[in-house]
Amino acid sequence: MSSAQDEFNRLVQSNREKYSTHPEDRDNDSDHDSNPSDDEQDHPQFSDSEDHDPTMRTGSSTYHVPNIVFDANTGPKGVIADAQAFERARASSFRKTLHHPDHAKYITDDSHLLHNTPPPDGSLSDEDEEHFLRQWREERIQELRNRSFRRPSPRRRMYGSVDTVDAVGYLDAIEKVTSDTVVVVCIYNPESKSSALVEGCLEGVARRNPTVRFVKLHHEIAEMDHIKAPALLAYRGGDVFETIVEIIRQIPKGRDCTSHTLEDLLKLYRVL
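Per the working numbering, residue 1 is the first one in the sequence shown, and the count goes up by one each step.
To be clear, the hints were calculated from the coordinates, so they are not data collected in a lab.
A portion of the hints provided could be inaccurate.
Stated by the list, open to error - With a Cα cut of at most 30 Å, we get these calculated DSBU-like pairs of lysine-lysine:
id, residue 1, residue 2
1, 193, 253
2, 267, 193
3, 228, 267
4, 176, 228
Just so it is clear, the structure is predicted and the values come from calculations on it, not from any experiment.
The whole structure should be built from the sequences, with the hints applied where relevant.
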């Protein structure tokens with residue numbers, strides 16, 4: 001081998017021992033060793049996620065998940081969870097509203113809600129939902145029945161007369177009053193003289209007892225074969241509590257049937 005070739009080999013070997021890294025890496029190392037310029041010190045350094053791809057990192061690099069807690073769930077799974085939580089809360093609120101003492105004020109259309117409003121979906125099983133709906137409907141039906149016995153005005157209504165009623169009016173008279181209101185129903189026969197006498201006397205009794213409801217019902221509408229007109233039926237709370245028949249014969253001897261003697265008879269039976 002020539003001396004020139006030997007000299008070339010020594011130079012190559014010397015360069016390999018001195019520089020074991022890429023020339024660009026050597027340039028970067030030299031930059032880090034030198035002091036940064038004033039401009040570099042004045043400007044903050046930012047890192048961009050695009051400049052640091054995780055796939056380009058070495059095995060010794062680590063990735064730290066930001067320690068951030070969000071108040072709301074995000075993503076499809078979070079949306080579903082939030083929806084389920086909302087349905088559970090709505091079901092709980094619906095039950096509380098339903099069993100609240102004042103829950104009737106939240107319901108505006110009784111017939112519509114009774115047949116068309118379902119309980120909250122998604123939070124109850126089919127069996128629980130059916131039981132809940134059945135219980136709710138029973139409570140609403142009972143409430144509607146109780147409402148029929150209440151009047152909108154807290155003051156007791158004053159009557160003072162005897163009203164002629166048909167079958168519907170008869171039912172309204174005994175049911176659509178307060179539970180403590182006494183209703184006297186006179187079963188009359190327009191072809192009977194004794195019935196006409198009792199009817200006339202009853203007008204005076206009604207004027208002196210205006211808190212008592214007095215009505216008269218035709219005996220054919222009443223269809224009470226076992227009761228002969230004239231007769232008086234006394235109701236309270238929708239139930240009959242006294243029946244007075246053969247009225248003329250029950251007037252004390254020596255006295256005529258007047259509004260006062262008829263009133264005394266009603267007091268004797270504890271109707272007035």
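Now for the hints, and whether the structure bears them out:
This hinted pair checks out: residue 193 and residue 253 have alpha carbons roughly 19 Å apart, not beyond 30 Å. Restraint check for residue 267 and residue 193: the C-alpha separation of about 24 Å stays at or below 30 Å, so the hint holds. Between residue 228 and residue 267, the direct Cα distance comes to roughly 22 Å. Compliance with the 30 Å bound is thereby established for this hinted pair. Proximity of residue 176 to residue 228 is assessed by CA-CA distance (about 27 Å); at most 30 Å being required, the pair is judged to hold.
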